[in-house]
Each structure stands twice: as structure tokens, then as C-alpha cells.
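> Chain residues, written in single-letter form:
Protein chains: 2
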Amino acid sequence: MIAAIEKAEFLYHQIADKLEKQIEKGVLKSGDKLLSVRQLSKEQGISMSTAYLSYVQLENKGLIEARPKSGYYVRFTPHTCLMISKIEPVKSDIKKISVDEMITMIYKNLTAESVIKFSLAAPGVEFLPAAKLNKAMNEALRKSKYSCLNYENLQGNVLLRKQIARLAFNWGGVITEDDVVTTQGCMEAIVFCLKAITQPGDTVAIDAPNYFGIFHAMQSLGLKVLEIPNHPDTGLDMDYLQRAIEKVKIKACVFVPNFNNPIGSLMPELTKKQLVKLLAEKDIPLIEDDIYGELYFGKQRPKTCKSFDKTGNVLLCSSVSKSLAPGYRVGWVIPGKYKEQLIRIKLIHSCSNATPTQTAIGIFFEKGRYELHLRNLRKALYTNYLKYVRTITNYFPADTKLSQPQGGYVLWVELNKNVNAFELYQKAIEQNISITPGQIFSADARFTNYIRIGFGILYNDEVEKSLKTLGNLIAKLST
Amino acid sequence: MIAAIEKAEFLYHQIADKLEKQIEKGVLKSGDKLLSVRQLSKEQGISMSTAYLSYVQLENKGLIEARPKSGYYVRFTPHTCLMISKIEPVKSDIKKISVDEMITMIYKNLTAESVIKFSLAAPGVEFLPAAKLNKAMNEALRKSKYSCLNYENLQGNVLLRKQIARLAFNWGGVITEDDVVTTQGCMEAIVFCLKAITQPGDTVAIDAPNYFGIFHAMQSLGLKVLEIPNHPDTGLDMDYLQRAIEKVKIKACVFVPNFNNPIGSLMPELTKKQLVKLLAEKDIPLIEDDIYGELYFGKQRPKTCKSFDKTGNVLLCSSVSKSLAPGYRVGWVIPGKYKEQLIRIKLIHSCSNATPTQTAIGIFFEKGRYELHLRNLRKALYTNYLKYVRTITNYFPADTKLSQPQGGYVLWVELNKNVNAFELYQKAIEQNISITPGQIFSADARFTNYIRIGFGILYNDEVEKSLKTLGNLIAKLST
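Respectively, the protein sequence lines represent chains A and B. Add 24 to the 1-based position in the first sequence for our numbering, that's all there is to it. Add 24 to the 1-based position in the second sequence for our numbering, that's all there is to it.
Keep in mind that the hints are not guaranteed to be accurate.
Any copy will do: because identical chains look the same in the list, a pair fits if it lies in one copy or spans two.
Pairs of lysine-lysine, DSS-like flavour, derived with a Cα cap of 30 Å [claimed, not checked]:
#, residue 1, residue 2
1, K169, K156
2, K57, K169
3, K159, K169
4, K159, K186
5, K132, K361
6, K141, K169
Since the hints were made in silico from the structure, they are not lab data.
Please construct the entire structure, taking both the sequences and the accompanying hints into account.
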């Protein structure tokens, strides 16, 4: 019996070693699907349990991974993924934001069809359930004779709000439709929250680097921005935040705990709890942007800060723009104790939102199609991510460092110090490749040698070719 | 020959007198359609020309009117339509606006299905081309495999913008799609314009009385409001405006030249020209709200101020919310020389607008269905208006005075000085009737004995009954 066990152990080590070599040599590449346990057992003439143990060994080494209901996949090879350098703390705490011409330029170039848009942090259409969404829209139009014609309920379509409340269960929320206010996408949700709880001249803390749209919105509202460092590996600098609260009157915080854009990091549950507690004690409302929350690579839907909120101090913002239908502009806020203010702001600025799109998304949710779609999207997106990483690792200079996002659409890439990311942007766009230069992710254009690469476009030969071109451009600028 | 002419003259006088008596006695009521000229000639055994002359005589007396391609209709009887009292000029020029609890209350009560909503300034669904709009939406979804899924062009759907440019011809505009920026309804358009050209603390002039949403938007943007009196009969007080410009630094104007809400008045072309010239000289941008412009009772689409704009100083705002599809939230701005600022504001606050609704409206316009629908809507709305006036004249106290709107959805009603309009509102809502008290149409709640009655609900027995109830309530409060 002991001999049999030893033999099995020898066998699965042997199989695992063979597979490891294949991965090292690139025969098996990041994102490739491995044989199922049953197939491996047949192919190698070994028992199912030996085959299983081989995979477990490779999994423990971090070379492959199991994905629920899908099988085993090759992970990216870890030695290519370095730790991103520690970001220097913000030099002066509060900055006047200046208008960024770069952003206008990037947006203008996005309209050209021929450009391959790594600057998007959104899904390619191939990932979206077009036919089923159209079906939901048709159902919306046919609900009654005059469906979708009238002004929608000011707080938002009731069916949609019910479904948002139902889905909240996944992130640990216990709410009803009365707690939800719909908006025209997540950006409008955040702007409304800021308008509801701040006055021009107030200081608002955000995690940095951050989505450039947030800076613009704050500037437009006359707010001062206080950046709290958020590192891909070590996460939000809670000490920094605590010291800042003692020094400056912070009127509100806007954080992206789940898969921050551009870093892709996930705030641990414990930090979320601490953050919510700290801000409740100091009576500082937290605007939580959870737009990427459903797009996790891990095993579970991460919780939100809102799920730890006992005082109604957290305003959760989200939408379907990144996960289902960018063009529908359907978003929402769960504004806690600021609900009345929020509805008032909505009434003033846009009255109600569109009826057809809200109804269609409500129906899509109601039929359970969203959960099904998300399961597929997460798998496809993760595979896509691995392929991008593999290609970048192959073609970018060796000193390139990559973030390890745990969800979402973007890679945060640290380049050689000699590279000016905006210069790279300009050279890349000449080749019809659009990337996002790091400069626009902080108020003081700090991230000069960083770029953000969105991996939302379905991986194909053109993507590979464009990433290769990009790698060559970076190599030239690195010297 | 002379005898024949005299006989004909005698005849048509006779016929006209008979008809006049029928109108006086109420046998023929406001809004009733008269026989066609051919039918009248047959019925009375007179020639076509005699029948025609009878109608011309009644028309000259203001008792009936011809509507293009529709025939002759009884107008409301003029003696019931008094001149509305001259509004006292604004006492103090600039006011701090206070939050109005009335508005919140009115909006809350609007969600109840059982309430008859004279407080709406929008079309009843029966007036809207539901089936054809659904068809347009289906075409939008089927345009290509991934139609309507992606983020829309930031400036707005191109097809829609082209069509808006085409339709501009009707109000005297010569523009291209590049001059148009789409928005989420007209309210968002006006808010974006204000944000693009003002700073908190600036003073903005508006015509008064005015739609209460404008006050709220300005308050929310930290603006001071300067009200320029606008009278149902004498129109915008241009002298007052000129004096105000000399005294106060006005940063922008927001006017509704075509069928102001609540007055329904139409600014004469000459005044429009003068206004545009004056404001261009003083370098004060004019935000022109033309949301009711297509809903004219007269023979021609009224021109806009924008059509006289030679310097790009006029920002025209409109939408389909009042004329086609309230629930679609499709609006636009033609922002003249402020285009870049406007697009920037749009990017910050809402990114792009929804794709499916914009595409559907674009297709509806492209197929020429909008013009067809508008022709029907205008006729139906005017008939509806006449029926409302008839009923109000019958059931409201004799000292009630009515505006004579030349388009749009609303009647501005002056009641006995003893009536407090908000008290009336409260008593009416107990009977499931919602009206809009005059108080909320000015910053200082000046119009205490005025109410606005929307006539957008298709006239029926319930409307009649509710107006009768309202008349009784007013009578009780008048003593």
C-alpha cells in the first residue's frame, strides 16, 4: 500500500514537471486551457486522482489555476510580473487642478474607427449579449400600448430599482428599491453625490492614481482634491488618510475599493471595514465607486464598503456601462441617508432618466440573464487578460513592470524612467494605436513613465501586432 | 349683375348671423368643427362662394377660424377671455432663491395613478405615435449586429445631429450636424449651457413668470436670478431689460421666446431681432429655450432668436420631450461659439448619452415621421385647448381671467384676489386633481392668485368633471 502511494506520488510529480517545462518553453501559454482531469488521466494512462494531484502541484506553484465550472488554465509566468515601484507620496497635499489638454486629444482620437483602442476601460462588443439585450428592449416596448413613452418615475424605474436591490445581495447589501436612485451612468451618479454633499471650495479625498474623469468633475464643481496614495500591492494608505483627516477638513471621500482604475487592486475586507468605521466616526461621507465590482477574477464577488455601512454614510455608485451595455447609460446610486438630497439634485439637473433603456435593463435583470452573462464575461475577460499579459511580456522591454489586477479591464504598466508616456501616446497614435498616458491619472501629472492598457478588446492577431509595435516604440524611447 | 351680387351678400350675411347665434347660444361650442364650405353650400342651397363668404365674415369677427387642411372651427367666445392684469414690476431686483417645499410636494403627488394631472405641461400619451416610435427603436436595434451597445459619440449620435440640423430649416436656422450637441433632455441642455458660461455668484436674467425648474437649476449652480417681466399680452419688457443691463452685470440670459411656460406668449420677430442685437452688443450670451417651438397654433413655425444670431452668441436648447417622446430624454443644444465649452461640460458630467434612444429618434426624424406627427399633434392639441377653455369658461367664476397661449400646453389663469393658489392646490389634490399654483413661477412667490393648467390630457368626461370641481373650489375660496 505504501509502495502504491509512493508510486502515485512519483507519477504525479513527473506529470507536473513535464507540464511545467511546457509552460516554461511557451508550448503552453498563459490563458491556454489545460486538458480536463479526466482527459489527462486517459492521455497519460494514470488514475484520475494522480492527474488531479499533478494539477494541484502546479496550482500550488502558481503556474496554473482552476476556474469554477471551466477547468484548469495556464496563469501568466510570475517571473515577468515585477512589483511596481513604490509611488512617491504626494508632495503638496492640496492642488489646484489645471485643465488637461491631453484628455481632449485622447477623446478626439477615440472616434476614429481605424484606431485600436487600448485606451478604453470597457468591454469590446463581442463580450456583450447583443441579441438578448435587444430582446429585453423589445419586451420593454411591448409591456403596454404606451410603454416607454412617458416620463419615468423621478427616483428611477421601479422594476429596475427592485432588481438592483435583489442583486445587492451578491455584494452583501440588504436594501429595497426605495434605497436606490437611478442615474445616467456611474459618472452622473458620482457627480450628483458630490453635488448633494459638497459646496464649491470644499476638499474631497480620492485614491490616487485615479480615473481622470473624477478630477475634471471635481474641478468643474469647484472642489479641491486631496490624493490618498493607493499602491497596486499595498493598497490604500490608511495611515496617510488618517493623518490627512487630522490636518485638513475633508468634506467627502471618493474611493474605488473594487478594482480601482487604473491599478486594478482590490481593497481587503478588513480595510473596507476600517475605512467605513473611520469615516462614520469623523462624519465624512464615502462615495464608493463600484462600477467594476462584478468583474472579479477571483472566486467570489468582493464585498463593498456599503455592505459594512451601519449609519447610511456610504453612497454606492455603479452602472451597467462596464459589464453589460455601455451605450444604455443606465447607472444608479444607493445614497444611504443622503437620499432626499440626491433626488433633489436629480430633479434639478436631468429630471428623470430615459424610460426604454431603464425598463430593458430591468427586464434583463429580472429574467436572471445578467448573472448568466456575467459568468461568461468574467471567464472570457480573464482569459483575455492572460493573453494580453503574455504578449506584453513577450514584446515589451524586460524592465517593464505590470500591475496584477484582480478584476476589471486595465493593466497599469510602469515603463523605463526615460519614457515619457505622453510622447509614447503621440508616437503610438501615429500607428493607429491609442493608449492612456499615466500623466492624466493624477492632478500633478506625476506618473510620467506609466501607461494604462485596457484589455477589453477581444484578443486577436491585430491586438498582438499592435502590442508588438507598442513594445518597439517603448524600447526606442527607453534609451 | 349688381342685383345678383347684392343678393349673394344678403345671403351670406344671413347665414353668418344664423351661425353666430348658434355660437352665442352654445349650440356650436368652442372647438367644434363646422361643416366644410361644400357641405354648407349643399345644406343651405347656396353657392360655394356664398358659403365661403359666410365663414370669412365669422372669421373676421373672431368667432371661427380656418385651420390649414382641416376646415373651420369655432373659436372660444372672446368676451370670456379678459386681459390678464398687469403684473407689478419686480420690487427688489436680485433675490436669493429659497428652496420651495411646494415643488417637492407637487412632484410627489404626481406619481399617483388616480390623480388627474393638470399640473403637467406635456402631451398625454394618446397624442403620441407609440407604434411608429417602437418601429424606429426596432430599426435602431437592427442597424447592425452590435447596434446601440457601445458608448455613443460624445457630441451626440451623428444621424440625430444631421436630422436636427435639417429640421432647423423650419425655424430659420442654417446649421450642420457639427453645430449640434445632444443632451439628456432640454433641462440638461440648459444646465450645461449655464455651467459653460457662468460661475457661482454670477447674475442671470430670465423672463418671469418662468418654469420653476430654472430657478432650482440656478440656485443649485450658485447663480443670482434677475427676473425680467414678461406679460401675456405685452410680452417681454425690453425697456426693463435694457435698464437692468445698465445697472447690473448680467452674465447670461435664459429666455423662452416661443410659448413661454406658463404664459404661452409668442415673442414677435422684431423683438427677437432687437433682443439678439442688444445682447450681442453687450456680449451677454442668450440661452434660448425653444422646447415648445414646434407646438404653434398659428399658421407658421415661429422663428427662433437663434435664426437672427450672427455672432454665435445664442445657445438654442430643445428636446422631443414635449412634442414626441417624454420618456426618451433626447434633447440638444446648438451652442454657437460656446461649443467647445459645452462638449467639455458634457464629458465631465455624463460622458455620452444613451445610444438606443438617440438612434431611434434619429431614424424617426430621417423618415419624415416627425413632421407628419407634428401636423396631427398641433391640430389635436389646439382642439383640446379650445375644449378646455370652453369648459373653464363655463365652470370657473366669472371673474376668472385666462391667458391666450399661441402654442404649447398651458393656460395661465388669474383668479379672484382672495384665492390663495397653494390653498387651492391642497384642496384640489384631496379630490385627486393636481394643478400648479402660481407661487412657484417666481422667486418671491408673487403670483399668489394664479394657477397654471396644462391642457395636455386628451379632453374627456373626466377632464370636464375635474374642471367643474376645480371651478367650485375656486368659487368657495373667492369669497
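> Against each hint, give a clear statement of whether it holds in the structure.
Hint check results:
no., hint, in the structure
1, K169 / K156, "both (22 Å within a copy, 12 Å between copies)"
2, K57 / K169, "between (49 Å within a copy, 29 Å between copies)"
3, K159 / K169, "both (17 Å within a copy, 13 Å between copies)"
4, K159 / K186, "both (20 Å within a copy, 28 Å between copies)"
5, K132 / K361, "between (39 Å within a copy, 19 Å between copies)"
6, K141 / K169, "between (41 Å within a copy, 20 Å between copies)"
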